[in-house]
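Novice: Starting from the given sequences, assemble the full structure and let the hints guide the process.
For the protein sequence lines, the chains are A and B, in the order given. According to this note's numbering, the residues represented by the first sequence are 1 to 113, in order. According to this note's numbering, the residues represented by the second sequence are 1 to 116, in order.
I should point out that these hints are in silico values taken from the structure, not numbers from a laboratory. There are no misleading hints in this set.
In silico DSSO-like links for lysine-lysine, alpha-carbon gap of 30 Å or less:
#1 B:Lys-17 - B:Lys-44
#2 A:Lys-68 - A:Lys-26
#3 A:Lys-100 - A:Lys-55
#4 B:Lys-38 - A:Lys-105
#5 A:Lys-100 - B:Lys-44
#6 B:Lys-38 - A:Lys-37
Only a predicted model underlies this, so the values are computations on that prediction, with no experimental measurement involved.
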Amino acid sequence: QQPVQSPQAVILREGEDAVINCSSSKALYSVHWYRQKHGEAPVFLMILLKGGEQKGHDKISASFNEKKQQSSLYLTASQLSYSGTYFCGAKVESGGSNYKLTFGKGTLLTVNP
Amino acid sequence: DAMVIQNPRYQVTQFGKPVTLSCSQTLNHNVMYWYQQKSSQAPKLLFHYYDKDFNNEADTPDNFQSRRPNTSFCFLDIRSPGLGDAAMYLCATSSAPRGPPWETQYFGPGTRLLVL
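Specialist: Put into structure tokens, the structure is as follows:
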């Protein structure tokens with residue numbers, strides 16, 4: 001079952017902040033965040049492996065609450081280049097010590113001048 | 001630069017006419033994945049190879065097949081494309097079998113398939 005992302009879409013002015021949330025009904029072993037621009041491949045942003053882990057990438061950071069099976073992506077002082085669709089990928093167990101990456105439906109972020 | 005390459009970037013085919021999409025990688029990764037992504041939807045895993053070991057997702061239609069002749073190349077064959085198969089097809093690679101939590105997948109630019 002795919003993780004649930006919210007909001008579905010967000011529009012910002014350059015310099016504003018945004019938070020994108022991702023939650024799973026199954027136990028999360030890791031969370032992967034990707035950004036995809038229109039017509040292009042998803043680009044890997046970061047992976048969070050441990051409960052409570054937080055990571056940063058320029059002004060984009062993320063947290064992972066393992067107990068709540070949730071992750072949040074924080075975009076600070078947004079730039080025009082941040083525009084795109086953000087996907088969270090949930091790594092869940094698929095049986096036999098195998099794991100599977102399942103993506104949420106994505107959050108469309110638009111940053112305007 | 002090491003990368004994942006997909007050809008062609010755009011493919012137009014006719015209803016029912018077989019079509020093959022290709023993916024190559026210079027990362028020397030063991031695992032190659034094929035995803036289908038329809039407009040405004042999440043990428044959906046069709047199948048993956050770990051080396052030559054093929055792993056099909058339970059809900060992937062029989063119409064979709066794949067071949068991996070060597071480490072670098074992987075092909076997606078759609079035997080009889082229907083209108084519902086129009087989508088972006090993404091190839092991804094990773095270095096880890098069984099998809100452990102720390103595994104990162106690297107995506108190619110995708111092939112957009114149009115079925116007329």
